[in-house]
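Novice: Dock chain R against the given chain G, drawing on the hints supplied.
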Amino acid sequence: MSNEVEKDKLSGTDTTGHEWDGIKELNTPLPRWWLYTFYACILFAIGYCVLYPSIPLPWGGHTEGLLKFTNRKAIEEDLKANAVAARPQYASIAARDLDAIQADAKLRDFAVAGGRAAFAQNCAPCHGNSGQGAKGYPNLLDDVWLWGGSLDQIHQTIRFGVRNANPESHQGVVMPAWGEAAKNPPQVLAAAQISAVADYVLSLNHKDVDMGSAKAGQAVFAENCAACHGENAEGNQDMGAPPLITGVWLYGGDKASLVETITHGRAGQMPAWSERLDEPTVKMLALYVHQLGGGK
Amino acid sequence: MSSPTAPHGASLYEAHKKVYPRAVTGRFRRLKWAVMGICLAFFYLMPLVRWDRGEGSPDQAILIDLAGQRVYLFGLEFWPQEIYFVTGVMVLAMLLLFLATALFGRVWCGYACPQTVWTDLFVMVERWIEGDRMERVRLDRAAWSWTKLRKKLAKHAIWLGIAVASGCAFVGWFADAPRLSHRLLHGTASMTDYGFVLLLTTTTYLLGGIAREQVCTYMCPWPRIQSALLDEHSRVVSYQAWRGEPRGKASDPTAGACVDCLACVQVCPTGIDIRDGHQLQCIDCSLCVDACDSVMRKLDRETGLIRWESFTGQTQRAAGLPAEWRPVRARTILYAALLLAVAGAMLTGLTLRQPYRMDVLHDRQPLFVALSGERLRNGYVVKLSNQTRSAQVFTLTVANHPEVVLAIAGEQDSAVHHIQLTADPDGQTVYHITAALPQSHMEGGTEPLIFVLSGAGRPDIRVSDHFFGPVWP
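Chains as they are written, first to last, in the working numbering: chain G, 1 to 296; chain R, 1001 to 1473.
Chain G with its partners taken away, still in its complex shape (with noise of 0.2 Å):
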């Protein structure tokens, strides 16, 4: 191979010697900066690899690098770098009563926010990510409350729950399985009673029912339901017997799940948060669910 630079005749440039079916490749050149600025950026690779993970490993894992960087950790410190700057609101929130924290407007808007991260992660399993609820699972938003819908009550319900082990959680009244002897032996219905109570309760609801049923379902409701959801059928938080008249239905306001409402009976659960979050947690979810829109 000759050490010649050959000259392009047409157009008067280098070529770089190379040659393919007879056509030969001419040679530009590149700048040489742009060749160092190339092995600058190898050199940065290397640096990289060695401060910051990034071989993988065969054996599985990978390299750690020298920085021992993970993005988990630098979330972690993230995290504890938050909950030290939110300790003065935290300590505020945990001082005062719920009223008072209302009446503050910027304490209320982090307690609102803070409620809205924990509903999250604590709450939304059941009752929704929008506090929307499902079958069995109240909706918040709505103006039907259980066990009451003011801030108090509210926070009374979150801190302690319903029919849980905890002493102070609402145990109320529940729900007997009028259809079912073997758990409910003295008070059992027919099945055209809970058919007949179902319907009166359907009419109450200004639903098309046989008004023959319905007449008969009066006298059952007034003699077996009335005691605990009321002689108009409109509830009571004591025992957290829902009102009937609402048209606002936790399991399903339709005649077929009115009868097996009726048939095997009702108990919702909920845990006593007390004994999970700390006390300014529990606080800022009341607040939080408080204004979603139902709140009393």
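Careful, some of the hints might be misleading.
To be verified - So, partial list: chain G residues that the calculated Cβ filter (under 10 Å) puts toward chain R: (1) Thr16; (2) Thr28; (3) Leu30; (4) Pro31; (5) Val112; (6) Ala113; (7) Asn139; (8) Val144; (9) Gly148; (10) Val209; (11) Ser213; (12) Pro243; (13) Ile245; (14) Gln291.
Read the hints as simulated data drawn from the structure, not as lab findings.
Where is the CB? At the ideal position from N, CA and C, for every residue including glycine.
Specialist: Just chain R, lined up with the frame of chain G:
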């Protein structure tokens, strides 16, 4: 470090050939000085110009307040949601660049581009300290001496000074410049400020002092794009080969007008020979025009051997015809029309701007809530923007369903059909509101809802949204 070579040993990489532009005088040089002076003065001094906006507002004429999310432009104030004005300015700049290129080639590159302006400034300093072209070449070739060291140190010190000033001026556009420069000087500015000063210092020093024409030739995409914007009617700096060739001595009667004095090559800031034809590296700065004209004048020959000329014009001259220029042609008409259209649209937008604005977002989940008494409720996030400096109370109603009961979520429900919302000054106030409607008023699953915001002695602001309910009866 050795670099890759071709099979026969030629290097595939080129060592940097330093360009030593010679000083030149003439009309284009004067124009270039003037443009440079205006551009530099605007960049360095504009942040210091004041503009009174009243108590509590920044008094800087042009301020890009990133932290506060505001852009102040004399009497105007822009918010992030008006980013389309920035888009509009960029579209305008692009069209202006297209139009200028179609008419006059790369005038932007030759006169107004920051790279050109700062390179010119740095070369000016270099010439002042080290002398003109030949003295600089001799100095670089000479062995190291005290004089050489002194000159080099002085040059780099002044370059660094200019670079630091550029860095400081740059951050001055993004913060209150007088107070920021005070903080910068006393070491109390933030690390971000110092970081940007350092970044701009480095880039100014490297690009203006060291890299220079390498930026235009190798880094900038514009030289590649411009070939698509030029046509045979665009005026560009060109050598009149028909008149100049063959080159020869002034005394040679058979030779063309070009005496091969190389003045055009020596003054070129990108180090090219314009006589090889219009080429990628040429930034149309026309310093070679000045250089050639002065030589032609000395020789008592007609000037304009190198001149601003379109390809068509040059062909006509070569054929002995008068050169004609066609500035008005399809592409320039199109660029100008687009330019006017965008400018007109922006001006209209600016004139019709309202200081108040309402945005309504329906809650994503749940779409509706069933309430007792066979009523339905929907939630909305209402955002009120207030660009004025005083709080303003508005009344929110629903135009097409006056029976809708409105409430601010979390506040006591009452049967009101209008609510008072306060828009805080110079900011956005966010409300979560609820609207309730008896289910019997719903015909299908969806009902249009028109929110009306009235007050402040301005025309009502109307925003359309929807009210959702169950699709089953």
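Novice: All hints are to be evaluated individually against the structure, with a verdict given for each.
Specialist: Now for the hints, and whether the structure bears them out:
no.: 1; hint: Thr16; verdict: holds (4 Å)
no.: 2; hint: Thr28; verdict: holds (9 Å)
no.: 3; hint: Leu30; verdict: holds (6 Å)
no.: 4; hint: Pro31; verdict: holds (5 Å)
no.: 5; hint: Val112; verdict: holds (8 Å)
no.: 6; hint: Ala113; verdict: violated (12 Å)
no.: 7; hint: Asn139; verdict: holds (7 Å)
no.: 8; hint: Val144; verdict: holds (5 Å)
no.: 9; hint: Gly148; verdict: violated (15 Å)
no.: 10; hint: Val209; verdict: violated (16 Å)
no.: 11; hint: Ser213; verdict: violated (22 Å)
no.: 12; hint: Pro243; verdict: holds (7 Å)
no.: 13; hint: Ile245; verdict: holds (8 Å)
no.: 14; hint: Gln291; verdict: holds (3 Å)
When the structure is compared with the earlier hints, violations turn up for hints 6, 9, 10, 11 and for no others.
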